[in-house]
Each structure stands twice: as structure tokens, then as C-alpha cells.
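Participant: Sequence:
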Amino acid sequence: MYTLYWSPGSASLCVHHALIELGVPHELRALDLSKGEQKTPAYLALNPNGVVPTLVVEGRAHYEAASLLMTLADRHPEAKLAPPPASPARAEYHQWMLHLANTVQPAYRIWFYPGEAIDDPTQHDAVKAAARKRIEAAWARIDEHLARSGGHMAGGAYSVADIYTTMLMRWSRNMPKPATTWANCKALADRVKARPAWATLYEREGLTEWR
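Per numbering that gives the first Met the number 0, the sequence shown runs over residues 0 to 210.
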């Protein structure tokens, strides 16, 4: 049994998606971020960063979306949501998971919350413009990679890297140049959204945009 602390459409979405794909028993504990429930002492004891997701695994709390996806894939190898450890594709898988976590997701944080990067509100537009440039450059690189890799992020097969990528593409849906502007990115998103787990995810989280 896993316990996932989550909020609709947030960074917990990819972990929730993976749990559904795996079909493993799990409990969901929703947090209302608008009410600051992620900043309560009880939650901070689980995740001192005060963000979602947090996943409780065998009684211990863990966080960081990319790490949780990789942990789930490794704990359930029969689902084949990551390349096998000894396979040539494993290094590519690690590379893209860390690229998404270290380059793409932080740029979104700046785009959505420019005040975290700089206090001066007159500079927020410039901060967002810089973040947008980084995000769009990342999608251009990912699109080129998908063209060479058979349409998947790692090893030519569906994995948690595709789940993670699709969540981040979803975040771009209202940006001036969404990720789906790039043909290969759109093709990946369409394949992921066609899977039964996506419909279940949307029903559970009460989401309607970007079906």
C-alpha cells in the first residue's frame, strides 16, 4: 500500500498517473494548496519542502516527483515502466529523467511564480520571458530526441519518462507556445492520453482541460 499526498494538476499528477498504470494498492490524501495545507507542521514533517507530491512507501515518506517515478518503476519491474538496469537504454532513461527534473520543471516554477526568483514585480515579465525561452528550447530538444527514438523518451518503449514528460507538456497548455506545437511532442502526448490510465486520472482529479 502506498499513500500519495497530492493536489489536482500539480506535480503529483505524474506519480498518481504511475500508480494507476501500475495497478497497485494506494491511498490518496488530497491537499488544498490554496489553503496552505502543504505548509502545516504535520505535512512539513513528511516533506520539509512544503510541496506535493509526497509518497509514503512502507511507512516512510519520500518526495521529488522524478525520484518517486523512478522508485515506483524499480519496485515493480514486471510493469516494464523503465528500461532494465543492465540495458543500454538505462543511461538514456536516467539522462532524460534528470533533464526533466533539473532543467524543465524548475523553469516552469519560475514561469508560474516569478516572484520566487525576484522580488521586484516590475521585473516579473522579464523573468517569465527568460523562463519561457528555456522551456521552449527544452521542447525543441525533446522533439528532436523523440524523432530519433521511436516516439518514446527512453529505450523506444513506454516508461515513466513518458508519464513525466506528458505532465510537463500539460503545464504548457496555456503558454504562448505549448509543447504540442512540436509534432513529435504532440504525438507522444496523444499516445499517453489515449491510454486508459489517463481517463482514470482525469476522473479522479476532476480535470477537464487538455483531455
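Careful: at least some of the hints might be erroneous.
Simulated pairs of lysine to aspartate or glutamate, DMTMM-like, Cα-Cα distance not exceeding 20 Å [unchecked claim]:
(1) K38 <-> D142
(2) K176 <-> D142
(3) K127 <-> E143
(4) K176 <-> E208
(5) K185 <-> E135
(6) K176 <-> E202
(7) K132 <-> D142
(8) K132 <-> E115
Quick caveat, the hints were computed from the structure, so don't treat them as lab data.
Participant: Just to be careful, I want the Cα atoms of K176 and E208 compared with a cutoff of 20 Å; is the pair within it?
Facilitator: holds (16 Å)
Participant: Do the alpha carbons of K176 and E202 lie within 20 Å of each other, as the hint requires?
Facilitator: violated (27 Å)
Participant: Taking only the CA atoms, is the gap from K132 to E115 under or equal to 20 Å?
Facilitator: holds (18 Å)
Participant: Please work out if K127 and E143 have their alpha carbons no farther apart than 20 Å.
Facilitator: violated (24 Å)
Participant: So if I understand the rule, the pair passes when the alpha-carbon distance is 20 Å or less; does K38 with D142 pass?
Facilitator: Violated: K38 and D142 sit about 37 Å apart, past 20 Å.
Participant: Check whether the Cα positions of K132 and D142 lie no farther apart than 20 Å.
Facilitator: Holds, because 15 Å separates the two Cα atoms, which is no more than 20 Å.
Participant: Does the structure keep K176 and D142 at a Cα separation of 20 Å or less?
Facilitator: holds (14 Å)
Participant: Can the restraint linking K185 and E135 be considered satisfied, given a maximum Cα separation of 20 Å?
Facilitator: holds (14 Å)
Hint check: violations occur at hints 1, 3, 6; the rest are consistent with the structure.
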